[in-house]
Amino acid sequence: MPKKLLKSLPFYLYLAVVSVIILYPIFLMVKISASHPADIMKPHKNLLWGPAGITLEHWYNVFTSGLLLPSLFKSLLVATMVMLLAILIAAPAAYVIARLGSPFKYLFIISLFISRTFPEVAIALPVSVVFLHWNLLDTSFGLILAHLIKVLPYVGWILIGTFEAIPLSLEQASSVDGASKIRTLRKVIFPLSLPGIAVAAMLVWLESWNEFTYALYLTVSENTLPLQTYYYLNRGGIFNSAAYATIITLPVIVLTFILQRYITSGMLAGGVK
Amino acid sequence: MAQVTLQKVRKVYASGYEAVKSIDLDIHDGEFMVLVGPSGCAKSTTLRMIAGLEDITSGDLFIGERKVNDLPPSKRNVAMVFQDYALYPHMTVYENMAYGLRIRKLSKDEIHQRVTNAAHILGLAEHLAQKPKALSGGQRQRVAVGRTLVREPEVFLFDEPLSNLDAKLRVHMRAEIIKLQKTLATTMVYVTHDQVEAMTMGDRICVLDAGRIMQVDTPLALYERPANRFVATFVGSPAMNMLRGRLAKENETYCFVSGGMRLTLPVDKADKVKPYTNKDIELGIRPEHILDRRMDTQADNVVRGTVLLIEIMGNEIIVHVDVAGQTVIGRLDAHAPVTHGVEHDFVLDMRYSHFFDPESGKNVSC
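Sequence lines, in order, name chains Y and U.
164 is the number that my numbering gives to position 164 of the first sequence; each next residue is one higher, with no gaps.
346 is the number that my numbering gives to position 73 of the second sequence; each next residue is one higher, with no gaps.
One or more hints might be untrue.
[Claimed, not checked] The list that follows gives simulated cross-link-like pairs (lysine to aspartate or glutamate, EDC-like), each with its CA atoms no further than 20 Å apart:
no.: 1; chain 1: U; residue 1: 552; chain 2: U; residue 2: 439
no.: 2; chain 1: Y; residue 1: 181; chain 2: U; residue 2: 327
no.: 3; chain 1: U; residue 1: 545; chain 2: U; residue 2: 561
no.: 4; chain 1: U; residue 1: 404; chain 2: Y; residue 2: 171
no.: 5; chain 1: Y; residue 1: 181; chain 2: U; residue 2: 368
no.: 6; chain 1: U; residue 1: 406; chain 2: Y; residue 2: 171
no.: 7; chain 1: Y; residue 1: 187; chain 2: U; residue 2: 616
no.: 8; chain 1: U; residue 1: 441; chain 2: U; residue 2: 328
no.: 9; chain 1: U; residue 1: 281; chain 2: U; residue 2: 368
no.: 10; chain 1: U; residue 1: 281; chain 2: U; residue 2: 297
no.: 11; chain 1: U; residue 1: 281; chain 2: U; residue 2: 544
no.: 12; chain 1: Y; residue 1: 181; chain 2: U; residue 2: 343
no.: 13; chain 1: U; residue 1: 545; chain 2: U; residue 2: 482
no.: 14; chain 1: U; residue 1: 452; chain 2: U; residue 2: 544
no.: 15; chain 1: Y; residue 1: 181; chain 2: U; residue 2: 328
no.: 16; chain 1: U; residue 1: 348; chain 2: Y; residue 2: 120
no.: 17; chain 1: U; residue 1: 635; chain 2: U; residue 2: 553
no.: 18; chain 1: U; residue 1: 522; chain 2: U; residue 2: 490
no.: 19; chain 1: U; residue 1: 348; chain 2: U; residue 2: 333
Since the hints were made in silico from the structure, they are not lab data.
Bear in mind that the values here come from a model prediction, so they are computed numbers and not experimental data.
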């Protein structure tokens with residue numbers, strides 16, 4: 001047993017170092033949101049926590065400002081709608097593309113990334129001009145549409161890979177077993193593609209939740225959470241900003257934990273060969 | 274149960290490649306028909322056309338009395354074992370087998386009874402709650418068979434189901450499938466590239482090459498009376514020896530002459546190949562009809578050759594002999610006194626010889 005422990009020690013040491021590198025900035029963010037300004041502004045900062053201790057003052061400010069709930073609600077609404085729409089639009093398309101013959105398939109996959117080859121700001125400006133004409137500026141719907149421009153290529157790409165990994169012979173077996181096309185999709189394809197769909201959904205939600213550029217261009221007054229963080233920063237309110245950043249981070253952590261079990265490798269194992 | 278009839282069935286792909294070239298085939302009710310041939314001979318395509326997984330370009334396909342050309346696979350009442358098994362990985366063994374029955378809306382009791390019965394026959398009773406990934410290759414293969422069994426279809430289709438198994442398991446499963454077919458007496462169409470599998474399993478065998486049927490017959494008839502050069506060399510291992518030469522008439526007897534060889538034809542063979550007198554002809558003779566001279570000292574048709582290679586099989590030896598520049602393979606007794614690199618006398622038993630037209634490859638001696 002000690003020998004085994006000794007063998008795995010370097011691995012755990014490595015894990016510890018990597019964890020510290022990843023987690024320390026997050027800790028700093030939380031620390032700033034709950035520290036007295038004097039502890040943060042002084043030249044020689046404490047590595048862990050300042051002598052003045054914990055304060056909930058900034059959190060109280062954030063919660064009582066009346067700005068948090070509208071932006072939290074907008075962010076949640078936009079991210080969730082983008083996720084649902086992206087999956088609903090991309091999944092059927094990706095399935096069809098995955099089952100296409102090779103020249104067409106690769107043409108589609110490459111064309112998916114054309115919008116990604118331009119800098120975001122270069123697309124966001126014309127989009128905002130068009131949305132101004134369409135009265136979509138400063139609306140959740142407008143922002144959802146803009147986010148779809150950004151996420152659809154990703155979702156499509158992930159889902160094409162997901163569907164391609166499902167052997168055609170499973171569909172054929174289902175068909176020979178007497179199943180209609182719809183039943184095969186429902187009972188064979190959908191359950192097997194669920195991990196891929198979950199991963200895609202998670203990435204889309206996070207992408208939209210964190211998105212900044214389009215939100216900046218398309219928003220006049222109804223801020224999303226990342227914009228709200230930015231406005232506080234602009235006005236020198238780094239403590240409130242840190243509280244906002246913490247609020248943004250929380251659902252990300254929770255969501256990742258919930259969805260990680262869907263990211264199971266070996267879902268398809270044993271089906272063929 | 275049903276017969277399967279293919280009438281002038283063709284398959285041309287969008288690229289213009291003609292995979293199946295007008296096939297006519299009658300598979301009788303309750304028959305075990307094996308489709309065999311080398312890679313790319315269209316045996317799998319033919320099977321998939323019967324299943325409905327490939328469209329038919331022209332011709333007619335009947336299952337029983339029904340013309341099924343335009344029926345989707347789900348309406349044909351056939352069951353298929355795929356080469357890669359194609360088990361549903363997210364379902365248990367029980368669910369895999371029950372899938373097709375649930376679609377047919379059978380009662381729960383009926384489904385349960387059929388699945389447990391099939392599981393019992395196939396030795397899967399303890400694995401019903403497991404998912405395919407927990408099973409070995411042989412068990413997965415049996416689940417794939419079980420899934421077809423419970424369906425009680427009109428026709429069973431097997432697409433190289435044993436090719437992913439190791440040699441020992443393959444022999445075992447081969448016997449299991451033969452037994453199953455004898456018990457069920459349901460029409461089975463079985464695709465394989467392995468001629469041993471074809472010979473041991475089929476009531477009849479359909480030999481295919483490059484999208485055409487070469488011969489359809491019982492295993493023994495294929496072996497003893499191959500219709501052409503392709504079947505003659507494809508069926509049997511080691512393959513039939515093929516020697517190029519001429520047919521000569523000397524006095525009243527007919528001889529096959531090649532290099533230094535001069536082999537006399539028995540009268541019944543001579544009668545059939547007479548028209549080839551003084552023309553090129555190909556002689557085919559199976560390795561077991563090449564004998565050790567010392568076993569039969571009175572025999573005619575002795576050829577002398579140098580032993581190039583001896584393969585020891587235990588129960589017999591396979592000798593490769595250089596006879597006048599052509600390599601001949603013989604199957605001899607395990608203790609036949611042959612030595613590597615040494616000249617030796619062999620007897621060719623011409624009663625079992627075959628003669629082929631060098632142009633068309635047709636067997637002209639039977």
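Structure-based check of all given hints:
For the hint pairing residue 552(U) with residue 439(U), the CA-to-CA distance comes to about 48 Å; that exceeds 20 Å, so the pair is violated. Between the alpha carbons of residue 181(Y) and residue 327(U) the distance comes to roughly 16 Å, so the proposed pair stays at or under 20 Å and holds. As the CA atoms of residue 545(U) and residue 561(U) are separated by approximately 23 Å, the hinted pair breaks the 20 Å bound. Of the supplied pair hints, the one linking residue 404(U) and residue 171(Y) holds, its CA atoms being roughly 18 Å apart against a limit of 20 Å.
Of the supplied pair hints, the one linking residue 181(Y) and residue 368(U) holds, its CA atoms being roughly 19 Å apart against a limit of 20 Å. Between residue 406(U) and residue 171(Y), the direct Cα distance comes to roughly 18 Å. Compliance with the 20 Å bound is thereby established for this hinted pair. Using a Cα cut-off of 20 Å, the hinted pair residue 187(Y) and residue 616(U) is violated, with the two alpha carbons roughly 69 Å apart. With a C-alpha separation of about 36 Å, the suggested pairing of residue 441(U) with residue 328(U) is violated against the 20 Å cut-off.
Distance check on the hinted pair: residue 281(U) and residue 368(U) sit about 39 Å apart at the alpha-carbon level, beyond 20 Å; violated. Of the pairs offered as hints, the one joining residue 281(U) and residue 297(U) holds, with about 5 Å between alpha carbons and a cut-off of 20 Å not exceeded. For the suggested pair residue 281(U) and residue 544(U), the alpha carbons sit about 35 Å apart, so the restraint of at most 20 Å is broken. For the proposed pair residue 181(Y) and residue 343(U), the alpha carbon gap of about 16 Å is at most 20 Å, so the pair holds.
For the proposed pair residue 545(U) and residue 482(U), the alpha carbon gap of about 26 Å is over 20 Å, so the pair is violated. For the hint linking residue 452(U) to residue 544(U), the alpha-carbon distance of about 43 Å lies beyond 20 Å, and the restraint is violated. Proximity of residue 181(Y) to residue 328(U) is assessed by CA-CA distance (about 17 Å); at most 20 Å being required, the pair is judged to hold. Proximity of residue 348(U) to residue 120(Y) is assessed by CA-CA distance (about 52 Å); at most 20 Å being required, the pair is judged violated.
Pair hint residue 635(U) plus residue 553(U) holds up; C-alpha atoms about 13 Å apart against a cutoff of 20 Å. Note on residue 522(U) and residue 490(U): the hinted pairing is violated, with a Cα-Cα distance of about 34 Å set against a maximum of 20 Å. Between the alpha carbons of residue 348(U) and residue 333(U) the distance comes to roughly 17 Å, so the proposed pair stays at or under 20 Å and holds.
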